[in-house]
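Fit chain R to the known structure of chain Y by using the hints.
For the record, the sequence lines run as chains Y and R. Residues in the first sequence are numbered consecutively from 20, following this note's numbering. Residues in the second sequence are numbered consecutively from 20, following this note's numbering.
Some hints could be false.
Since the list gives no way to pick out one identical chain from another, each pair is judged satisfied if it fits inside one copy or across any two copies.
Claimed, not checked - Straight-line Cα separation of at most 30 Å, DSBU-like style, residue types lysine-lysine; simulated pairs:
{"hint": "1", "residue 1": "Lys140", "residue 2": "Lys168"}
{"hint": "2", "residue 1": "Lys42", "residue 2": "Lys140"}
{"hint": "3", "residue 1": "Lys32", "residue 2": "Lys42"}
{"hint": "4", "residue 1": "Lys291", "residue 2": "Lys167"}
{"hint": "5", "residue 1": "Lys294", "residue 2": "Lys140"}
{"hint": "6", "residue 1": "Lys42", "residue 2": "Lys417"}
{"hint": "7", "residue 1": "Lys236", "residue 2": "Lys291"}
{"hint": "8", "residue 1": "Lys195", "residue 2": "Lys291"}
Keep in mind the hints are simulated off the structure, nothing from the lab.
There are 2 protein chains.
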Amino acid sequence: MDIYEEALEFHRKNTGKIDVISKVGVENEHALALAYSPGVAQPCREIARDPELLNTYTARGNMIAVVSDGSAVLGLGNIGARASLPVMEGKCVLFREFGGVSAFPLCIESQDNDIIVETVKLLEPSFSGINLEDIAAPRCFDIENRLKKETGMLIFHDDQHGTAIVTLAGLFNALKIYKKDIKEIRVVMNGAGAAGTSIINLLNYVGVSDIVVCDSKGIIHSGRPDLNVSKQELAKITNTGNMKGSLSDAVAGADVFIGVSIANVLTPEMIKKMKPEPVIFALANPEPEISPALAREAGVRIMATGRSDYPNQVNNVLAFPGVFRGALDAGADEINMEMKLAAAGALAGILTGNMDYDYIIPKPFDPRVLPTVAVAVAKAAIETGHAPSGTDLDYIKKKAEGISRKK
Amino acid sequence: MDIYEEALEFHRKNTGKIDVISKVGVENEHALALAYSPGVAQPCREIARDPELLNTYTARGNMIAVVSDGSAVLGLGNIGARASLPVMEGKCVLFREFGGVSAFPLCIESQDNDIIVETVKLLEPSFSGINLEDIAAPRCFDIENRLKKETGMLIFHDDQHGTAIVTLAGLFNALKIYKKDIKEIRVVMNGAGAAGTSIINLLNYVGVSDIVVCDSKGIIHSGRPDLNVSKQELAKITNTGNMKGSLSDAVAGADVFIGVSIANVLTPEMIKKMKPEPVIFALANPEPEISPALAREAGVRIMATGRSDYPNQVNNVLAFPGVFRGALDAGADEINMEMKLAAAGALAGILTGNMDYDYIIPKPFDPRVLPTVAVAVAKAAIETGHAPSGTDLDYIKKKAEGISRKK
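Chain Y on its own, in the form it takes in the complex (with noise of 0.2 Å):
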């Protein structure tokens, strides 16, 4: 049986992944009158009175949406909401089991960005924070800044930032081993859809001043008319040097190649024009942008894929229950970019003096990582002034640490 037939067993035999359960029990009367009427009355009242309390007296402060349109699930393309449904239930279970984080899947049925914006904000007194997942580039962008505008939950589109943080960390280390500074190198993106887009935000924010974006069409420059608003944005803040052409043209001189794009555009001609120990993240699935072998043969020594089944995996599931972990612990009225920053600085310190060209990344059963990331994102929080600053780390990190053991 392969592992498509043993998913659908498991599917079947388990009727999904997720269960709404109750906390306490209501074995008598008693227990009743606590848990629901009479006594409920009591909380609401005091919520009503004043709404900070709703966090205080409900499940809410640990309550997240996996919000999903379904328009951009997996490498399955534009499936909608129902069939997306199998994917943010296994998000939901990854939130829970990886990062304590309580998630429930709201899959929307709609692809119009207004409707799923008004639809997740009148949801707002249910949940603390929405991640927002497997929505098509370029509608997620506009969906994600709405909502951090308009709303006072946590908003965090995982397919950008998850990926865009584990790539960075991953990024961090390889630069660590080939004693390269940041600043001073030059990256060539492939794919300039969600991922890639974070990622180029972020190694922005970073410093990285010489990035070339390369979208399916070539070389992204702004003389280009073709391009979306996004890609109109990226044109703006990469391609200094205002090239033109191909991929091939722009790997040529370059230290590092990232791809968020399809399997095997990247050929080892094109790697050997590049700057002497290139670093490579292939991240296309499940066919990376060129196989490790090849890679391998064209010198490349520090490479990094999607896959588990590769050394270096860029796995989201190492950034995302952390992340939602620190923010929600601390109390932070939003996600930003030093805390994202945090979460892959962090994330890369775990292997601090314990790296090799095969281990840039952590691995996702590391008991370290939740912990690790959770406190720099609480920090982070706090230190841009996003979080009370009477947070107690110290708490948050054995919190962390007890979820870690419990898996």
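This is chain R only, laid out in the frame that chain Y set:
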């Protein structure tokens, strides 16, 4: 410490009452590949191919939402969506503990019917059913009707139908004790809100032709210029004698009084104007329309209230868990009049040969309630052509018995 202080501490200590958990472990790479990428792609592909498989590969088949806008919460009134969350979490606890139904609280920050209906419709990919809760009349009728028409989900407004089912069950038994034919009785109903309207519709459906309804302004008749749309509908199907006047006029010669109104509006003098062997449902909370002591003095032997500290409590928890359990397990496509009636009959039937004046309604913790109601509802769904005829009632019964035992 009174119940309110204790409830506050209970909610704070538990930080709310529900949680979303994973039903599957993800302790290694293989488990991750089954629950998430790449294995999860296969159920997605199957559902994309055949949308009927959605509930086969996900938790949706047992997942409902408890939906409120916070406009009529318990006895607290319009406290808004946020402050209603403790009640909605409590309802989800009851669904889980009494019915094995997974329920998630969705508090919608709008009291505009169009917006509420649209929001709920958009979430159909995530839910098999919707339990509307604490939405003010008459808005609740429109929301329920539109959701019934415009979605494929099970739609049930518990404040209406839960109360109606349990009241009807109690009435069936009271009439058995007094050997009165339900088709011959005269019913006076005080209160024409959510519960009152549903009770009237159910009574009407079982053939009670002599019903007079009062609201705070007196008897509802078609000549009154101040009636909203839903009361105009009531005027059409009740008060065939076109009575006018006050509640005191209405009760003269009545067999049954049902109050879903406010405290102390029914006096001993009014009761003395009723037929011999009057039956009183005084369901106002926390103070009934007349106290049991006063009613007893006025000659009442059968009386029900909404309170657990008096005999014959009309508690919705006797109905909604079994209604959804039966409808979900039968694969029903609606919750119709016959199914509600079957629930009432089943509930009444539990006490056959064992009832007395103070025991016309089963107790909330009676383990027979869930299986009996669930099977009756499933059977009615099949008989009305709203569930597949191959449904295995014996399986439904055994499963419900298992849930009752576990509690």
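Each hint tested on the structure:
1. Lys140 to Lys168: For Lys140 and Lys168, the Cα distance is within 30 Å both inside one copy (11 Å) and across copies (25 Å).
2. Lys42 to Lys140: For Lys42 and Lys140, both the intra-copy (27 Å) and inter-copy (29 Å) Cα distances are at most 30 Å.
3. Lys32 to Lys42: both (25 Å within a copy, 11 Å between copies)
4. Lys291 to Lys167: Classified as neither; 43 Å inside a copy, 64 Å across copies.
5. Lys294 to Lys140: Intra 48 Å, inter 55 Å, cutoff 30 Å: neither.
6. Lys42 to Lys417: both (22 Å within a copy, 25 Å between copies)
7. Lys236 to Lys291: This pair counts as within: shortest intra-copy Cα distance 22 Å, inter-copy 89 Å.
8. Lys195 to Lys291: within (22 Å within a copy, 92 Å between copies)
Violated hints, in rising order: 4 and 5; the structure is consistent with all others.
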